[in-house]
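> Here is how the chains run, residue by residue.
Number of protein chains: 2
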Amino acid sequence: MTTTPEPPYLAVIFTNRRANWGDEAVDRDYEAAAARMVELAATIPGHLGVDSTRAADGTGITVSYWADEAAIERWRRHPDHLDAQSRGRDEWYEWYEVRVAHVVRAHGSPR
Amino acid sequence: MTTTPEPPYLAVIFTNRRANWGDEAVDRDYEAAAARMVELAATIPGHLGVDSTRAADGTGITVSYWADEAAIERWRRHPDHLDAQSRGRDEWYEWYEVRVAHVVRAHGSPR
Chain G
193 MTTTPEPPYL
203 AVIFTNRRAN
213 WGDEAVDRDY
223 EAAAARMVEL
233 AATIPGHLGV
243 DSTRAADGTG
253 ITVSYWADEA
263 AIERWRRHPD
273 HLDAQSRGRD
283 EWYEWYEVRV
293 AHVVRAHGSP
303 R
Chain W
193 MTTTPEPPYL
203 AVIFTNRRAN
213 WGDEAVDRDY
223 EAAAARMVEL
233 AATIPGHLGV
243 DSTRAADGTG
253 ITVSYWADEA
263 AIERWRRHPD
273 HLDAQSRGRD
283 EWYEWYEVRV
293 AHVVRAHGSP
303 R
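Respectively, the protein sequence lines represent chains G and W. Quick note on my numbering: the first sequence kicks off at 193 and runs consecutively. Quick note on my numbering: the second sequence kicks off at 193 and runs consecutively.
Among the hints, a few may not be true.
As the list claims (entries may be wrong) - Label pairs and their in silico Cβ distance ranges:
hint	chain 1	residue 1	chain 2	residue 2	range
1	G	VAL230	W	GLU198	27 to 33 Å
2	G	ARG268	W	GLU198	31 to 37 Å
3	W	PRO237	G	ASP221	31 to 37 Å
4	W	PRO237	G	PRO199	21 to 27 Å
5	W	PRO197	G	GLU261	21 to 27 Å
6	G	PRO302	W	LEU274	18 to 24 Å
7	W	ALA248	G	VAL218	27 to 33 Å
8	W	GLU223	G	GLU223	23 to 29 Å
9	W	PRO237	G	SER301	41 to 47 Å
10	W	GLU283	G	ARG297	39 to 45 Å
11	G	ASP219	W	ASP215	25 to 31 Å
Since the hints were derived computationally from the structure, they do not count as laboratory data. Beta carbons: idealized from backbone N, C-alpha and C, even for Gly.
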């Protein structure tokens, strides 16, 4: 998982449940698109990193980290990401929730 | 996954990788303790909910939601949770990171 600078920075918490989970063609299509989005997000100025997990029941949490609101807005409006958001709503997610948050402090173990 | 009220509220983003992942005795012990912590957290005044996933590689993300800093502090200092934190550091996690964040806005799909 990702290493972030000292707070403050922003986090976008994306929780979701996959639709058609276990349908191999859909899963493959989704995984390819998700991998492209991770690569693309990393090119956005102000992107600090991303952590993502999905459990065996198809529920997923992705948390992406951003320097400021302008960076989030650049990512939100990127044309390829807008396409992915649309496919997400229509095809890939049974439901989802997006929360934008200001990280105020952090601590952890050594890596 | 959980439903939260309208922001503002707080999120604690806990990312981690399990140690001894796949050791059946450790996994069983961990899962039982984790389930107890979820039940106990729900009894803390100001607890709003929790979402958690773990991927097949042993990386996990748990996001818990809280009404205010006082609620987070009650949870952080609960004796049973202090014990679990100690076991987490010593036994259960290869590494972990805790981020405290102020959720400022949220949107999602219908459920």
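> Are there hints from earlier that the structure breaks, and if so, what are their numbers?
The structure conflicts with hints 2, 3, 7, 9 and 10, although it agrees with all the remaining ones.
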